[in-house]
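Q: In case you want the letters, here they are:
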Amino acid sequence: MRKLLIAIVWLYFGILLIGPLAYLCRQAMSDGVAAFWGEITRPEAVHGFKLTTEITVIVLVLNLIFGTVTALVLARQQFKGRTLLSGLIDLPFAVSPVIAGFMLVLLFGPETLLGMFFGALDIKVLFAMPAMVLATLFVTFPFVVRELTPVLQTLGKAGEESARTLGANEWQVFLKVTLPAVRWGLVYGATLTIARAIGEFGAVLVVSGNVLLLTQTATLHIYQSYVDFNYVGAYAVAMVLIVVSFAILTVLEVARVRATAGDS
Amino acid sequence: MKIEIRHLSKRFGTVEAVSDVSFAVEEGELLGLLGPSGSGKTTVLRIIAGLETPSTGDILIDSVRVNDLPAQRRNIGFVFQHYALFKHLTVFHNVAFGLKIKKWRRAEMAQRVSDLLRLMGLEALADRYPHQLSGGQRQRVAIARALAPKPSVLLLDEPFGAVDAKVRQELREWLIRLHDDLNVTSLFVTHDQEEAMEVSDRIIVFAKGHLEQVGSPADVYEEPATEFVARFIGSMNILEAKVTNGKAKVGSMEFPVSEFPDGQQVQVGFRPYYVKVSEDPARFRQQARLRHVYFLGVAYRLEIETDDGVILRSRMNKEEYRQCKFEVGQPVSYAITHFRILPQEGKPGAFLQPPQPPESGPFTP
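Read top to bottom, the protein sequences are chains A and B. For the first sequence, counting from 1, position 23 maps to 23 in my numbering; every step adds exactly one. With the second sequence counted from 1, adding 1000 to any position gets you my numbering.
Among the hints, a few may not be true.
[As the list claims (entries may be wrong)] Take a look, some chain A residues computed to stay more than 12 Å from chain B by CB distance: (1) Phe13; (2) Ile15; (3) Tyr23; (4) Phe118; (5) Val173; (6) Pro180; (7) Gly209; (8) Glu253; (9) Val257.
[Said to hold, decoys possible] Taking lysine to aspartate or glutamate and the EDC-like style, the derived pairs with C-alpha atoms no more than 16 Å apart in a straight line are: (10) B:Lys1166 <-> B:Glu1198; (11) B:Lys1102 <-> A:Asp90; (12) B:Lys1087 <-> A:Glu161; (13) A:Lys176 <-> A:Glu161; (14) B:Lys1150 <-> B:Glu1108; (15) A:Lys157 <-> B:Glu1052; (16) B:Lys1002 <-> B:Glu1026; (17) B:Lys1150 <-> B:Asp1115; (18) B:Lys1208 <-> B:Asp1020.
[Said to hold, decoys possible] Distance windows between CB atoms, simulated: (19) B:His1131 <-> A:Leu212: 53 to 61 Å; (20) A:Trp10 <-> B:Gly1038: 50 to 58 Å; (21) A:Gln153 <-> B:Ala1165: 28 to 36 Å; (22) A:Ala94 <-> B:Arg1231: 50 to 58 Å; (23) B:Gly1038 <-> A:Asn169: 46 to 54 Å; (24) A:Gln153 <-> B:His1007: 30 to 38 Å; (25) A:Asn169 <-> B:Glu1240: 27 to 35 Å; (26) A:Thr154 <-> B:Leu1296: 39 to 47 Å; (27) A:Thr154 <-> B:Thr1014: 22 to 30 Å; (28) A:Gly156 <-> B:Ser1063: 50 to 58 Å; (29) A:Gln153 <-> B:Gly1038: 53 to 61 Å; (30) A:Phe79 <-> B:Asn1317: 57 to 65 Å.
Please keep in mind that the hints were generated in silico from the structure rather than gathered at the bench. Even for Gly, the Cβ is constructed at its ideal location relative to N, Cα and C.
Chain A on its own, in the form it takes in the complex (with noise of 0.2 Å):
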């Protein structure tokens, strides 16, 4: 019995990760390691990773810093709507990238208020950078806060409020108390972010445009390798993400375990 079931957790994980996994190396070598390199190697490839890599950095640095005063505030402070705000954190799980992807459309469109405004600045918010990261934003956003909620509340107030009788000012109190209580939290987080900010492709697709050289992301690109049957090139770029997601694991693993183990 107890041999079967971990057979079959064995086979469920085979069918799920390991076997695709496997195959998705075997194919991005099929035609090999200089045709690996090619492919990743293209203008539109490195294009599309270093606008990935960009949106990623932009969007981790706006997640961290919002992120953590959004938690600070929801942990530490007592206002009207504190309920409500909470509640809406989890809304970016609940809705498609898609649909969040469409609401920007909506919401930029060259019709509407904001997007003649920024029409009349002559600022390129849809097809563009500012409105790709605004949907990489959208749906990283709880990663941070929700990692750092909890963690502010167990930590307490008492450590802060001893900072404070000690003389420090409320900058102080955040870099030598707060912030390294919860370092290992917000690097949990972070890491979250990123790999779910590399991997985004639905809000992404819609507000982009997918204009080649342009605003191709390496997932969109692996999605137009795809579409024009440039296997081993959506293979090829597939697995160089594969191998960072692979990376952001580890340091989540080790992170997720510094962290519950209250960092002593």
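Guided by the hints, dock chain B onto chain A, whose structure is given.
A: The following block gives chain B in isolation, referenced to the frame of chain A:
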């Protein structure tokens, strides 16, 4: 430094946690704020520290009104109930925290920290992290950390609440010695009346946000100013009675209370050690039955049921008890040697002492 609290009130929403409290802590004093949980004593402490803002009233430290000073500028040492040490810092750096914030020079800082660690008996633990310490050690680190920047006042919130009984006893004695050495004005909060008695120069008793009594431990114990204090501090037999012909009667017990008008309802209170019990039925005039005997270590507590069905607690020291050869269930005689009429809401109490009878001859109140 002297601390003064004037007409302090604090409301949380509709709840009045502290209402119109005024008191002063004298320079160098060790003052205990005593009260059951939820009585507002911790709120008062936090308001003094600047961690809460009062709804009304003033806080003066060394005659300067500090209401508008944020916590970090009040120069107050605060010791939290659950230590609140910085987990990511070693003992040394925990203690040095306040000095770093105040930009002490490195050499002076190291000197100050190692002086304090020596004073606290923690010098061997300087490089440990908080999670590697015992509860008592953590508490001492917390106190060292609070003392490091030379605060004008030390505030301690339930300082011994989170350690076991034996360590608590050691820490109490240690705190008294520390206070004698440093002489820093200190205010500590506790719900443990024994602790308050043992440690404080003076005690302030709180109940439901009100200040009930201020006085030396002996005053508070011997002459409770309110019914609450009488019930809260120490053990007391309390009987309800109605005054008739200048006497408060409870069954066959009669207490002379000529100051009170006939018909008034009073509460008669007496400590267990004012209830004398003898196995000799002829020794005292009142009769009862021994229900239980509790061994308290230094003494015995006896629970007797009078012939009128009233349960009284008596306390006897070991020698007395051993001479008596009690058996549970046996008939005993008893007498009450002192009593007082407890103050009622808003009225002062009366301390009444019946003619001293005691050891010789039976006495009946």
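Q: None of the hints should be skipped; say for each whether it holds.
A: Consistency of the hints with the structure:
no.: 1; hint: Phe13; result: 36 Å, holds
no.: 2; hint: Ile15; result: 43 Å, holds
no.: 3; hint: Tyr23; result: 45 Å, holds
no.: 4; hint: Phe118; result: 42 Å, holds
no.: 5; hint: Val173; result: 8 Å, violated
no.: 6; hint: Pro180; result: 4 Å, violated
no.: 7; hint: Gly209; result: 47 Å, holds
no.: 8; hint: Glu253; result: 21 Å, holds
no.: 9; hint: Val257; result: 16 Å, holds
no.: 10; hint: B:Lys1166 <-> B:Glu1198; result: 15 Å, holds
no.: 11; hint: B:Lys1102 <-> A:Asp90; result: 42 Å, violated
no.: 12; hint: B:Lys1087 <-> A:Glu161; result: 14 Å, holds
no.: 13; hint: A:Lys176 <-> A:Glu161; result: 12 Å, holds
no.: 14; hint: B:Lys1150 <-> B:Glu1108; result: 13 Å, holds
no.: 15; hint: A:Lys157 <-> B:Glu1052; result: 12 Å, holds
no.: 16; hint: B:Lys1002 <-> B:Glu1026; result: 5 Å, holds
no.: 17; hint: B:Lys1150 <-> B:Asp1115; result: 13 Å, holds
no.: 18; hint: B:Lys1208 <-> B:Asp1020; result: 11 Å, holds
no.: 19; hint: B:His1131 <-> A:Leu212: 53 to 61 Å; result: 55 Å, holds
no.: 20; hint: A:Trp10 <-> B:Gly1038: 50 to 58 Å; result: 57 Å, holds
no.: 21; hint: A:Gln153 <-> B:Ala1165: 28 to 36 Å; result: 31 Å, holds
no.: 22; hint: A:Ala94 <-> B:Arg1231: 50 to 58 Å; result: 56 Å, holds
no.: 23; hint: B:Gly1038 <-> A:Asn169: 46 to 54 Å; result: 32 Å, violated
no.: 24; hint: A:Gln153 <-> B:His1007: 30 to 38 Å; result: 35 Å, holds
no.: 25; hint: A:Asn169 <-> B:Glu1240: 27 to 35 Å; result: 57 Å, violated
no.: 26; hint: A:Thr154 <-> B:Leu1296: 39 to 47 Å; result: 40 Å, holds
no.: 27; hint: A:Thr154 <-> B:Thr1014: 22 to 30 Å; result: 29 Å, holds
no.: 28; hint: A:Gly156 <-> B:Ser1063: 50 to 58 Å; result: 34 Å, violated
no.: 29; hint: A:Gln153 <-> B:Gly1038: 53 to 61 Å; result: 22 Å, violated
no.: 30; hint: A:Phe79 <-> B:Asn1317: 57 to 65 Å; result: 59 Å, holds
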